[in-house]
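Protein chains: 2
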Amino acid sequence: MNTIFNHRSIRKFKPDEIPMPIMNRILEAASRASTTGNMQVYSIVVSTEKEIKERLLPCHFNQKMVVEAPAVLTFCADFNRFNQWCELSNASPGYDNYLSFFTAAIDALLASQNAALEAEANDLGICYLGTTTYMADQIIEVLNLPRGVVPVTTIALGYPDEKPPLTDRLPMDAIVHWETYQEFNPERIKAIYHERESSDFTQALLKENQKETLAQIFTDNRYKKSDNLFFSKKFLEILKKQGFMNHDE
Amino acid sequence: MNTIFNHRSIRKFKPDEIPMPIMNRILEAASRASTTGNMQVYSIVVSTEKEIKERLLPCHFNQKMVVEAPAVLTFCADFNRFNQWCELSNASPGYDNYLSFFTAAIDALLASQNAALEAEANDLGICYLGTTTYMADQIIEVLNLPRGVVPVTTIALGYPDEKPPLTDRLPMDAIVHWETYQEFNPERIKAIYHERESSDFTQALLKENQKETLAQIFTDNRYKKSDNLFFSKKFLEILKKQGFMNHDE
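These protein sequence lines are chains L and E, in that order. Take the first sequence: its letter number 169 is residue 239 in this note's numbering, and every next letter is one higher. Take the second sequence: its letter number 215 is residue 285 in this note's numbering, and every next letter is one higher.
Simulated from the structure, these hints should not be mistaken for lab results. The model shown is predicted, which means the values in this text are computed figures rather than measured ones. Any given hint could turn out to be false.
Which copy is meant is left open, so a pair is good if it fits within one copy or across any two.
[Claimed, not checked] Pairs of lysine to aspartate or glutamate residues, derived as EDC-like cross-links and limited to a Cα-Cα distance of at most 20 angstroms, are as follows:
| no. | residue 1 | residue 2 |
| --- | --- | --- |
| 1 | Lys281 | Glu157 |
| 2 | Lys311 | Glu87 |
| 3 | Lys311 | Glu278 |
| 4 | Lys310 | Glu257 |
| 5 | Lys134 | Glu249 |
| 6 | Lys304 | Glu138 |
| 7 | Lys260 | Glu157 |
| 8 | Lys311 | Glu253 |
| 9 | Lys295 | Asp318 |
| 10 | Lys260 | Glu282 |
| 11 | Lys294 | Glu157 |
| 12 | Lys120 | Glu249 |
| 13 | Lys294 | Asp318 |
| 14 | Lys281 | Glu265 |
| 15 | Lys310 | Glu98 |
| 16 | Lys295 | Asp193 |
| 17 | Lys260 | Asp318 |
| 18 | Lys120 | Glu307 |
| 19 | Lys84 | Glu119 |
| 20 | Lys295 | Glu157 |
| 21 | Lys303 | Glu249 |
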């Protein structure tokens with residue numbers, strides 16, 4: 071499927087709006103993804119108004135594409151609607167626990183990837199925003215997400231105003247294991263990362279950041295332990311606040 | 071994209087093996103999905119041997135398709151390889167926390183949906199197995215998953231030996247919210263579930279299970295509070311055991 075193999079993240083968008091028939095097709099594509107027991111325990115908040123996108127902007131570390139993209143799609147794990155249906159149906163929902171959150175997150179994430187691909191098949195570009203889990207509490211506030219709803223990922227969506235090259239990937243044996251997991255050894259790790267580490271791009275990056283190794287760019291700059299700890303605790307608090315951490319009998 | 075709109079879960083497979091070029095293309099398709107910071111913090115364990123699939127069978131509540139499908143793909147959140155690379159690169163990984171697990175789970179789930187769609191585009195059928203998170207500890211044992219690796223979903227893969235109809239979905243306004251979240255009221259909930267509740271299929275199901283409402287089939291039979299609680303605690307324990315719950319400074 072060419073769409074899959076042509077994917078690149080787009081961070082610069084034209085101001086052109088997305089025609090409603092195309093938007094609807096993207097959302098329907100999302101709804102065709104597998105969902106646990108056909109419960110469809112997710113939701114998609116489509117934000118196109120300037121004011122809403124401006125309020126989402128700081129939630130995504132002020133990445134300009136959030137306001138420049140004509141649409142920002144926030145994918146949420148969502149047991150709110152299902153719980154309300156149960157209550158109205160003389161049924162007692164038992165979905166206020168971590169497993170239910172994770173189940174709903176799977177639903178939301180599979181739907182998001184369908185939306186991303188359908189968008190790309192219609193000449194749109196997308197970028198996933200990992201900031202969603204870091205700043206879930208602020209997003210909950212901006213989008214008025216009720217109890218039972220947690221944002222898990224976001225897609226910025228619009229017509230591309232750039233054509234970046236395909237992103238390099240590690241050799242396939244970095245991610246694929248046959249039959250059972252084949253544990254790595256230092257030689258294999260070195261072989262897997264060799265090409266990426268020795269590229270001109272990496273060499274320039276090391277010089278620019280005055281780092282000795284590419285891994286240090288990740289551990290010291292991009293994904294620091296102190297940030298991860300801070301956002302971990304925050305996200306776990308949100309799961310509790312949104313009603314997914316009740317583990318008493 | 072027709073493949074997306076033709077998806078149905080396949081639970082009966084022909085014994086035909088998957089040709090290696092097609093399998094490789096499916097795995098490559100997985101690798102083209104977006105991944106946080108291009109870290110590719112996931113892995114795919116492809117199990118095709120009868121003995122391994124038989125050991126996976128009880129992990130998936132003895133659903134026969136696990137042994138009948140020529141291949142079972144287990145998608146894992148995986149910081150093991152990345153951590154080893156950091157250690158070898160004079161860098162201190164700080165990825166033993168919940169945020170890192172969830173980041174890696176997103177990677178794994180987006181990759182799984184690409185694999186599913188590429189498989190379907192090549193006339194294969196797939197079924198997602200939600201049992202993966204319920205029985206993650208047993209899967210970890212069967213597949214020898216080291217610390218830093220947690221299975222998050224599984225796809226059974228093979229040539230379809232059935233052609234089920236498309237699954238019904240709720241009306242789109244059940245999952246899509248414009249601009250911000252539009253909270254439901256009882257009338258809207260009833261309207262959303264009306265068609266599904268009044269179908270012949272549901273009526274037969276209620277009779278068969280001697281239940282009053284469709285929601286009760288979910289709360290009392292399929293996804294019971296006691297099971298959810300049990301598997302929630304188990305999954306959180308696994309996250310701890312696999313090294314993703316260290317939140318001390």
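**Q.** Those earlier numbered hints the structure runs against, lowest number first
**A.** Failing hints, ascending: 2, 3, 4, 6, 15, 16, 17, 18, 21.
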